[in-house]
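Student: Mind docking these for me? Both chains are given alone in their own frames, and the hints should help you get the complex.
Now for the letters of each chain:
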Amino acid sequence: MSRGLTRRGCGLRPLLISGLLIGVAALVPLRVNDYLLQVLTISFYYVVLAVSWNLLAGYTGQFSLAQQAFATIGAYTTGMLGHYYHVPIAVGIVAAGLVSGLVGAILGVMVLRLRAIYLAIATWAFAETLRITLTAAYEFTRGDLGLSVPTLLGNLDPLPYYYIFLAMAAASTLIVYLVVRSPIGFFLRAIKDDELRAASMGINTTFWKVFAFALTSVLSGLAGAFYAHYVAVISPQIADFTEMAKIIVMVIVGGIGTFAGPLAGAPVVQVVSSFLHQYGQWSNVIFAVLVIVLMRTYRDGGIALLLHAFRLLWARVADGRGQA
Amino acid sequence: MLETIGLTKRFGGLFANTDINLSIAEGEIRGLIGPNGAGKTTFINLLTGVEEPSSGDIWLAGKTLLGQVPYTRARRGLLRTFQVPKLFRNMTVLENLLIQHFACGQGTQRDARLRADGLLEMAGLTRLRDSPASHLSGGQQALLQLLGGFMVERLRCYLLDEPFAGVNPIVKDTMVELIHQYNRSRGITFLIVSHEMSVIRQLCSRVTVLAEGKVLIEGALDEVTANAQVIDAYLGKTWS
Ligand SMILES: Nc1ncnc2c1ncn2[C@@H]1O[C@H](COP(=O)(O)OP(=O)(O)OP(=O)(O)O)[C@@H](O)[C@H]1O
Ligand SMILES: [Mg+2]
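Here the protein sequences line up with chains C and X, keeping their order.
Position 247 of the first sequence, counted from 1, bears residue number 246 in numbering that gives the first Met the number 0, the numbering being contiguous throughout.
Position 47 of the second sequence, counted from 1, bears residue number 46 in numbering that gives the first Met the number 0, the numbering being contiguous throughout.
Because the hints were derived from the structure by calculation, they are not lab data.
Built from N, CA and C at the ideal position, the CB exists for glycine as well.
Quick list of the computed label-pair ranges, beta carbon to beta carbon: (1) C:Ile131 - X:Gly61: 51 to 59 Å; (2) X:Arg185 - C:Arg12: 36 to 44 Å; (3) C:Gly18 - X:Glu152: 32 to 40 Å; (4) X:Ser197 - C:Ile291: 53 to 61 Å.
Below, a list of computed lysine to any residue pairs in the SDA-like style, where the Cα atoms sit at most 20 Å apart: (5) X:Lys213 - X:Pro34; (6) X:Lys85 - C:Asp193; (7) C:Lys191 - X:Lys85; (8) C:Lys191 - X:Pro131; (9) C:Lys191 - C:Met109; (10) C:Lys191 - X:Val49; (11) C:Lys191 - C:Ile251; (12) C:Lys191 - C:Ala115; (13) X:Lys213 - X:Thr17; (14) X:Lys213 - X:Asp56; (15) C:Lys191 - X:Asn89; (16) C:Lys191 - C:Ile247; (17) C:Lys191 - X:His134; (18) X:Lys213 - X:Asn35; (19) X:Lys171 - X:Asn182; (20) X:Lys171 - X:Gly138; (21) X:Lys62 - X:Ile23; (22) X:Lys85 - C:Asp192; (23) C:Lys191 - X:Arg88; (24) X:Lys85 - X:Gly138; (25) X:Lys213 - X:Ile4; (26) X:Lys171 - X:Leu127; (27) C:Lys191 - X:Val83; (28) C:Lys191 - X:Ser133; (29) X:Lys85 - C:Gly60; (30) X:Lys171 - X:Glu195; (31) X:Lys62 - X:Asn20; (32) X:Lys85 - C:Leu195; (33) X:Lys85 - C:Asn203; (34) X:Lys213 - X:Ile230; (35) X:Lys85 - C:Glu194; (36) X:Lys213 - X:Ile23; (37) X:Lys85 - X:Ser130.
Some residues of chain C that are not near chain X, with every Cβ distance over 12 Å (derived): (38) Ile16; (39) Met79; (40) Ala89.
Okay, chain X solo, but in the shape it has when bound (with noise of 0.2 Å):
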């Protein structure tokens, strides 16, 4: 579904990204790990087209992204929620939904508000339907930031950043039902960058693990966590 060849991106002198290869199957979870400053938004946003990478390419679904402006991305399937929560604080929690429908989604409004209604309940969140979206917690942008993607049929893979900072046990427990749910009824492929293991756990059958920038592993959770490398790279960072 989603795989990368050789991505590589630099700022400067500094090496955000090497040549990084990832290849995703159709209806995976991956989890996409890494200390902070691993590069793990970096990456995000080279998929997405918030960057242009200084090399390496880009494919989903047999296609090439490369060169492509982030809008043309979204309509091609790809979506992303932001690390830290970025909402339309001027419109209310429906038309948060509603506007992603409005961007790139299909059929009727009516369908749209009914699946934006369906979404609201699954959530929780129906009582706030009508509120300015910044009157939520911050759990609860990062939910709604989440319900977003599935207003689009053509969610095909969806990118979430840190979807779980700062949210309480139980809208946690509400978003992971919510991603099993797509991936299994409708096969969404999602990348989940995460720091928190529990979650990660639940959610991935594979993670990639990204150090300084660099792929340094891929295996099952429990696998990577007892590479000497990758206790390396979180303890050196978080002792130095």
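Chain C extracted, bound-state conformation (with noise of 0.2 Å):
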């Protein structure tokens, strides 16, 4: 293949380093305690939520801050259904991605015109309304009472649900990886970058930022689908703004604009939020102070700060051979 595809972030090296961090993840049950595991299932689902993210606002430049609730909007979606329907599971994970791309269509396109800071704000008033309807309407979603969901495999045992969860967002990434390679990763990069001179050269803008809008929601949908039945209770708290600002630590820790970065951000950013939750509110403080320094020290994210270390480490051994 050409090299001129192979430079700035959409070549095969994010493709190896992604399948390198899903190999390492597929080993890690190995070692660790259940625990640690469901803390890392969950990681999983917000590694499908930060790729996402990463489309919407990386590549094609729609600084969106619903990402969070096209997941919700999935949850709920197979929640109700399976609630009130007894539909049965498939289905109702399938109408998820199918009600969480509609509705993000829809929301794409009433956000069209906005501009950055004016998208940020209408997505960020779309998740609250999102939140509050669904606090306030509790007779048919039982509020913060929380929604029982029957789980996926009818039991608990978490070794099952990790490798679940993890072909998910391996998943994820693979789709997104595929399209930004695509001539679609083009129109996208170009969008963010000139939207005008897009247009002039025949790009059809509106179809391809409804279609971001689109496509990551219906991912988003489906991991909120199943997050919702591996939980078995959901709230309108996974709607909350919090978790939004999660994903985008997820992603800046993982470096943002870079391909794998999601993968390594989600997985780190939740362990170590796990093990700050014993400092209740303060591990909010301290994780912004954490992002502040990775931002004023290395901005190229986590992932970038690896391969550096690991290029310096094998410039050395290489050295070693050389004298040798």
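Tutor: Encoded structure:
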């Protein structure tokens, strides 16, 4: 293949890094206890949201603050269908993807003409409205009491869930990777860079912007549905803004605009945040400080930091061999 | 090929274009000159659908373009460059050409790569093929922008907004050569906005002079530059 396409974060290298990370993740259960396994399982849910958000914000430049809302829509779609109509779980999950995608497309159309900060505010308002509606309509949703949802496998053995969620994260990453590498990826990057030029050269910018919203909403909605069938009780809390903040932190920690970033950022942040949980409200403050420190010292994020360290190490090793 | 009828654009109280009737034959290279603020860029924006005209009509190859959004106009073979070169700075030089193929090109990706390599070769940019477009000099950016349109087989009419501004003489010659070549071999129609009379003389048999949004005169370059009104229009602006 051309060297041109293997540059700038959309070549084969991100796929290799992602594959490596997933490979490592597949071996993790051999070493860790059940608690950590559950924390990591949840982190794969966040991987899907972070990878989706990276496509929407990082590649297309649509800085949405509603990624968690689409997961919520997915979770409640399958939850309510199961609760009220007793539809099979598989049907509920498919419906979750469809409903989230549809709502995502509609939101995408509504914010088409909005620029940067206005788009962020509008999507934030959408997510808040959703959260408040779910809380207020407690007669249907059971609000903060929580809606109970049957579990995917009928039991709570952590190991199968771990692999199911890992597969889900890997599949989402692969889908986003294929999109980014295809001509669609060119269109999305072009739209971020200069929408007027993109349109002048024949790109249907409207369509692709809505497409990015719809696709990332489908992925998030599916992830939300799986999440619901894992945690067994869902509440409007999953639509809270702190969830969105967490997604952004994950992408930043992994490295914003890098492809494999979210894949590494999500588990790290999830593990650290579950550890910080014992400090209650202070955990948020500690997190904020960590992010600021990382942004100030290493803006390219954790993946780049690791690669950098690896390269230095490799140079040492190669050097040593040369001298021997 | 390209025709406007009574094309008018108002920005509030300002008439940026007033009743412009312009007709460019297929395979013609037309020059569009005029002092700063004459409305040349506005005219190109109207043709490409970036702005909607206040009144008037635009025809391309016998069909109206009115009501069509920019991307469908591009797909009908009407492409443009921008006065300040617009490239995708986060893409490589090669990718900047490929994306034009993805946007509205025909044929396989393989063909597109071959074509892109050929164009870069002709333009002397092969060495920079895999560099980010942001590393190019201003002149090279203008050149790359021009090459973009040539990636598309269906290109019929190419609108160039001051393609030679800030371009060194060698690159300028390359650009003139490319324009001549695509005009002769593929019969592409050009509308070229420029202040550079020497280049316009090399390329255009006819020029249209725009001043304060109106067509002042149309004819061979030497004819129009001898015209008293044209001299007035240019000098009036510069001196006042
Ligand atoms: N979007 C806009 N809103 C308001 N006024 C505008 C707009 N675009 C252009 N104008 C005005 O219309 C007039 C024509 O501008 P235009 O850019 O078309 O001139 P031009 O011939 O391309 O000039 P130059 O040689 O400087 O590029 C100018 O007075 C300009 O200020
Ligand atoms: Mg202009």
